[in-house]
Each structure stands twice: as structure tokens, then as C-alpha cells.
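Each protein sequence line maps, in turn, to chains A and B.
Numbers 1 to 160, taken from this note's numbering, label the letters of the first sequence in order.
Numbers 1001 to 1279, taken from this note's numbering, label the letters of the second sequence in order.
For the record, the hints were derived by calculation from the structure and aren't laboratory data.
Every value quoted in this text rests on a predicted model; they were computed, and no experiment measured them.
Quick reminder that beta carbons are idealized off the backbone N, C-alpha and C, glycines included.
Misleading hints may appear alongside valid ones.
In the DSS-like style, the derived pairs of lysine-lysine whose C-alpha atoms are separated by at most 27 Å in a straight line are [as the list claims (entries may be wrong)]:
1. B:K1230 <-> A:K2
2. B:K1006 <-> B:K1040
3. B:K1208 <-> A:K6
Part of the chain B face toward chain A, derived, beta carbon under 8 Å [to be verified]:
4. L1012
5. F1014
6. Q1021
7. V1025
8. E1034
9. F1057
10. Q1089
11. N1091
12. M1092
13. L1094
14. D1127
15. S1167
16. L1168
17. Q1169
18. T1172
19. P1234
A short list of chain A residues far from chain B (calculated; beta carbon distances all over 12 Å) [as the list claims (entries may be wrong)]:
20. R22
21. M91
22. V93
23. A156
Next come the chains, spelled out residue by residue.
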Amino acid sequence: MKPIIKGGLTILAAFVLTSALRQLSVPLLLCVNVFTVAVILFGLIEGELQGAVLGMACGLVVDSFSLGIFGLSGLAHTVTGFLSGFISRKMNVLPMGRLFVFTGLMGGLDLGLWVLLSAVFFSEGFPWGGGLLLAQPLVTAALGTVVYLIYRRIKARHER
Amino acid sequence: MPRFLKEQKKPLIFAGLLFAQLVLVSIQVPLGEEPSYLEKAVFFVFAPVQRAVHGLFAGAGRIWDRYIYLRRVETQNQALRDELFHLRQTNMRLTNALADIQETKELEVTLATLQKSFLVAAVIGVDASNIYKSIIIDKGSNHGLTSNMPVLDRNGNVVGRVTAPISLQEATVQLLTDDNSAIGVLSETNKVVGQLVGDARGGRCLFKYVLATNELLVEGEELLTSGFDKIFPPGLKAGTILSIAIDSSLFKRIVVEPHLNFRELGHVAVITQRTDGTR
């Protein structure tokens, strides 16, 4: 499958999942960022450039449904997508424990960048949600690891 | 292609992507509140997807409620019948009271205006980057929605106002907790006037421009819309005062707990026409 189609389907899946999460519970959106998980995994699987492009596209989709600055989430996601692909090409992050730490760190980086850009450069507020926001990297790590392991199993079955 | 460009292709494209987004951010400054064409285009493309997901969940919920989970239905039914009975009585008393002060024709016009004055919309999405900033509703310009129409919850409390982008079938609602939201309010008991400004960080609001020397406000007091902003009609409940503090500034720091509750935000009412006929 061409990366552009894969990317389009990934964005669509992330958007549908985010909309579905909203139906379940709105505060859940503070600690579960499906777009971040999608960007990290796409960078990991497809490479740094594809990760950066998907990060930009995801960010623009998120920002078009937000009253915040259009392009702000894109900046954070682009850096995360690129670094996710770049680091995973330099070192082996695929064993389960390392993958958990790696996706958690990338999730933390994405959140940190977004908070930094929002607060320092654009004077925008960010929602703490009683600390729920701080759980986001941990949830990203757990979700990212589970989704990647499922992806690896499906891929291995297809290759057999 | 020069060798340098070939070797540094990936970092260069990455830098190009970052630069493109910085340009995108920069061009919003002269645009102000007006969203860019790209933002509108992405909204138009993805809003129907959000509507479809909402429809799917709403459909599944309806099947569950109507055909599977029928426990306590009879009790709820009875409670609703009682409520309807009381509401009918109140409605009749209010209609009679109005009839005493108005001519029949005038009364018919008033009642017709009241019935047409709002539109019920379902909340289909929420701002994924900051849940306290905005929501998406399933009514748009096709239903007559325009910017600055007030939005209320099912209890008549202020939720926010309609803002751009508005597509044919969907619209964005700026919540009263958004940093850029400001509503003219006054306190219920002592009529202290000020501005209710959002604080998206904590999902609360700040009651601004009340002088530090003002001793009339108390914690727990209700804040109502004043109508001075020409957007929200007067008398709508906006929130209750949570804490009052005095710092070095000229004004008091008053934190307000808005009546906004995401659990009760399945449907909202958009005021499309003021009861005085304006809009």
C-alpha cells in the first residue's frame, strides 16, 4: 500500500477514534491523544519523513476543530513524527519494554512541545484537567505498545 | 541535484515542513478571528466524519435504550408524566398572566416568537486539543445559524456562542471557558457588573473588572448575563462565584465555576431569535 494512502487511512482512523472517545467521555480526551499515538507509530514504521508529514497533517486536522492557533498542534506533531522515525532508525526500540519507554518518551515530548509552544510563544492556555493531562504520556506508551504489537502480529501472519 | 541537497534531503524537507507551518501560523495574525481557507476546507471535509461517528453511537444508544435496557422505564415514565403535568400548569398560568397584560393578537405573536426562537442541536464533537475551548454541533448555516448566536444547555444555562467555522450542516461553539470568551454579567443579589472571561487552563471562568474596594460580592453568589454585550439576552445563568481574592492589582481576582457540564451536554439550544424579535 502506498504511504500516502496509509497516511490518509491512519488520519481517518485516528479522527474516528477521537470522535468515538468523545462519545464515551469528554475528559478522557485529555489523557488519550490518539493522534500522538498515530504519529509516533507511523514514524516508527514508515520512517522520519513520513512521520513528519503525517504529524503535520494530523496537527492541521486537530487544529481545524479547535479555536486555538491553526498550525500549533502541527508543529509539535511534525517534530514528534520526525524524531520518532529518526531515533528508531538509529537504535532498536522494538522489544516490548523499550517500545513502551520509547512511545512514552515521544508522547511526553509531544505534550511538552505543545505546552511550550502554547504557553511561551503563543500565550495560549492549556488544560490541566485536574492532572489528567499529565497522564497522557503514560497512556500514549500503553496504547502505542499494544497497537504496535497487534500490528506486528497481523503483519507476521500476512507474511507467512 | 547538488550532492549536499541529496545527502541532507530528509532534514531539509523536515525544516521545510516546519517553515510552512510557521508561515501558516504567521498569516493568521492579519486574519484575526476569521479562519483561513485551509482551516475551513479541513473542517468541511472532516465534520461529516464526526457526524457519522456521532450517528453511529447515537443509533447504538437508541437500540440499547429502546429495546434492551428497559429497567426503570416505567418509573422514569411516571416521573416525566408528573413533570409534564406541572409544566403544563405553569405554562397555562404564565399564558393567562400574559393575556392579562397583552391583547390577544399581541399574545399570539409573542408565543409564536418564543416557539421559533431557539433550535435544538446535538453536540457531535469537542475540541481535541483543549476540551474547554469549543464544541461542534450538528446544525449549520443551512439551519440559519450565524456567528454570535447564544448557546444554552438543557437547563437554560450559558454554554457559549456560535463562532466560525460554520459549515452547511455543522457549526463551532466557543465555550464560555475559552480564554478568548468574554460575557457581560452581573451578580444576582447585589447587581455588581463585570465581565466573565474564560480560563481554559482549569475549565473555569474569571469575573473581571470588579474593584478591590467592592465589598458587595460573596462566595456562592450566582452570576447572570447582563445583556450589555448585545450577544446574550439578560438573565441567563452563567456560573457561581467560587472564590474571591485580593492581590496587588486594582481589581479583585474572582474565580467562577460555570454551569457547564460535559455529561449533560448531549444537546444544546441555540437562540436564533431574541424574544424582542431582533437577530
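Okay, the hints, checked on the actual structure:
no.	hint	result
1	B:K1230 <-> A:K2	violated (53 Å)
2	B:K1006 <-> B:K1040	violated (36 Å)
3	B:K1208 <-> A:K6	violated (49 Å)
4	L1012	violated (10 Å)
5	F1014	holds (5 Å)
6	Q1021	holds (5 Å)
7	V1025	holds (4 Å)
8	E1034	violated (11 Å)
9	F1057	holds (4 Å)
10	Q1089	violated (36 Å)
11	N1091	violated (33 Å)
12	M1092	violated (38 Å)
13	L1094	violated (35 Å)
14	D1127	holds (5 Å)
15	S1167	violated (11 Å)
16	L1168	violated (16 Å)
17	Q1169	violated (15 Å)
18	T1172	holds (7 Å)
19	P1234	violated (26 Å)
20	R22	violated (5 Å)
21	M91	holds (17 Å)
22	V93	holds (19 Å)
23	A156	holds (28 Å)
Of the hints listed earlier, those the structure fails to meet are numbers 1, 2, 3, 4, 8, 10, 11, 12, 13, 15, 16, 17, 19 and 20, in rising order.
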